[in-house]
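Take the sequence shown: its letter number 147 is residue 147 in this note's numbering, and every next letter is one higher.
Don't take each hint at face value.
Each computed DSBU-like pair below joins lysine-lysine, with the alpha-carbon atoms no more than 35 Å apart [what the hints assert, rightly or not]: (1) Lys114 with Lys67; (2) Lys6 with Lys279; (3) Lys335 with Lys70; (4) Lys195 with Lys166; (5) Lys78 with Lys118.
Label-pair ranges, simulated between beta-carbon atoms [as the list claims (entries may be wrong)]: (6) Tyr238 with Ser88: 39 to 47 Å; (7) Glu213 with Lys172: 21 to 29 Å; (8) Trp113 with Thr175: 48 to 56 Å; (9) Lys257 with Asn323: 44 to 52 Å; (10) Pro91 with Asp152: 33 to 41 Å; (11) Phe110 with Leu317: 46 to 54 Å; (12) Tyr346 with Lys167: 35 to 43 Å; (13) Glu66 with Lys17: 31 to 39 Å; (14) Leu23 with Gly350: 16 to 24 Å.
Source of the hints: derived by calculation from the structure; they are not laboratory data.
Ideal Cβ placement from N, Cα and C applies to all residues, glycine included.
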Amino acid sequence: MERRRKTTLTLSRRSQKRKIPQLILGRPGSALENRCSDQGLPFQAVDMRGEWDLTSIQTIRAIVLEKKIKLIHTHTAKAHTLALLAKSKLPNTKLIVSRRVDFSIRKNLFSIWKYKSKRNDLFLTVSDKIREILLRDGVDPAKTVTVHSGIDFAFAKKLPNSTLYKKEFSLKKDTIVIGNVAALVDHKDQKTLLKAVSKIDPSKNFKVFIVGEGELRKELEDFANTLEISDKLIFTGYRTDVPDILSLFDIFTLTSKEEGLGTSILDAMAVGLPIVATKGGGIGEMLTHEKGAFLAEVGDSESLAKYYEILIDDLKLRRTFGNFNKESVKRFSIKNTIRKTELAYYSFLGEDLFGEKV
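Based on the provided sequences and hints, a complete structural model is requested.
This is how it looks when you write it as structure tokens:
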């Protein structure tokens with residue numbers, strides 16, 4: 001969600017600098033409203049209580065008509081529905097929908113209509129994998145384009161020294177840290193991570209940090225106890241210092257079953273970490289096997305364990321992988337994401353972007 005907000009705000013700032021009229025809609029009192037206020041960006045509150053909020057649908061329609069808005073870009077499933085329904089009386093307004101999850105379209109009639117409706121003008125998917133899923137589910141190929149998520153690399157130059165974190169968690173200087181940053185939910189599949197950890201030689205000097213919170217925390221902690229690996233694990237819970245805590249890690253890992261793109265991996269690449277990951281969702285689109293990362297099939301704890309051990313034992317390989325990733329990640333800059341998104345806007349409206357000549 002934070003990444004989505006950053007992209008939205010960056011798009012808005014660029015439009016503002018170029019004197020292109022634009023407006024951000026969001027819920028009153030939301031983090032998005034606060035960010036817009038702090039940055040002097042135009043914002044209008046709309047309740048958006050649910051996908052069938054008729055008042056919000058009418059409000060969106062009225063805003064579009066009043067301000068002569070030519071294009072709507074939605075960033076959530078709820079916003080997509082509201083804009084689609086509002087567009088029933090806005091035939092000349094274009095609708096672009098960002099799609100960030102690699103779930104199949106639900107098979108109920110409404111979901112099928114929602115994604116196949118002619119009112120959708122373009123889907124921007126954050127990975128080729130998501131685009132493949134939309135095409136498989138019957139979305140018009142001519143209306144789907146991949147625009148990979150990107151990051152701002154500036155943070156990578158400002159990371160704190162790992163010594164502070166080593167002290168906080170009482171780690172020895174030479175302890176190898178494997179880090180996972182993800183919500184503790186089913187599709188992130190930390191269970192496979194724990195299974196892999198249980199297969200690593202316990203005499204090796206390593207710790208696994210699981211950074212994040214979620215509904216499965218207790219279940220994962222119990223599973224770690226069952227596997228007798230609790231001494232190798234640290235569940236940090238929710239942290240406000242992501243991505244700073246990446247400075248503590250020697251290896252980054254993501255073992256998801258499903259993943260839109262997995263932008264936490266981009267952060268890890270930017271700071272020069274070697275990666276061990278599954279091929280869930282769009283993860284494989286960012287990484288190069290045996291150059292900057294080791295990639296395993298989803299659920300393959302045996303291969304993951306083998307890859308962890310290789311990197312734990314080989315400092316030179318960790319550095320080689322990390323250096324490769326620092327170069328490779330440059331393809332995924334926030335500037336590229338914004339540029340390609342703006343090209344999508346111009347493909348519909350040309351110079352008449354948002355109803356104004358630019």
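Verification of the hints:
1. Lys114 with Lys67: holds, 26 Å
2. Lys6 with Lys279: holds, 26 Å
3. Lys335 with Lys70: Given that 35 Å is the threshold and the Cα spacing comes to 24 Å, the pair holds.
4. Lys195 with Lys166: holds, 25 Å
5. Lys78 with Lys118: holds, 18 Å
6. Tyr238 with Ser88: 39 to 47 Å: Taking Cβ atoms as reference, Tyr238 and Ser88 lie about 41 Å apart, which means the hint holds.
7. Glu213 with Lys172: 21 to 29 Å: holds, 27 Å
8. Trp113 with Thr175: 48 to 56 Å: With a Cβ separation near 54 Å, Trp113 and Thr175 satisfy 48 to 56 Å, so the hint holds.
9. Lys257 with Asn323: 44 to 52 Å: Since the Cβ atoms of Lys257 and Asn323 sit about 30 Å apart, the hinted range of 44 to 52 Å is violated.
10. Pro91 with Asp152: 33 to 41 Å: This hint holds: roughly 37 Å between Cβ atoms.
11. Phe110 with Leu317: 46 to 54 Å: holds, 50 Å
12. Tyr346 with Lys167: 35 to 43 Å: Given range 35 to 43 Å: violated, Cβ gap about 51 Å.
13. Glu66 with Lys17: 31 to 39 Å: violated, 24 Å
14. Leu23 with Gly350: 16 to 24 Å: Distance hint for Leu23, Gly350 holds at roughly 20 Å.
In summary, the numbered hints that this structure violates are 9, 12, 13.
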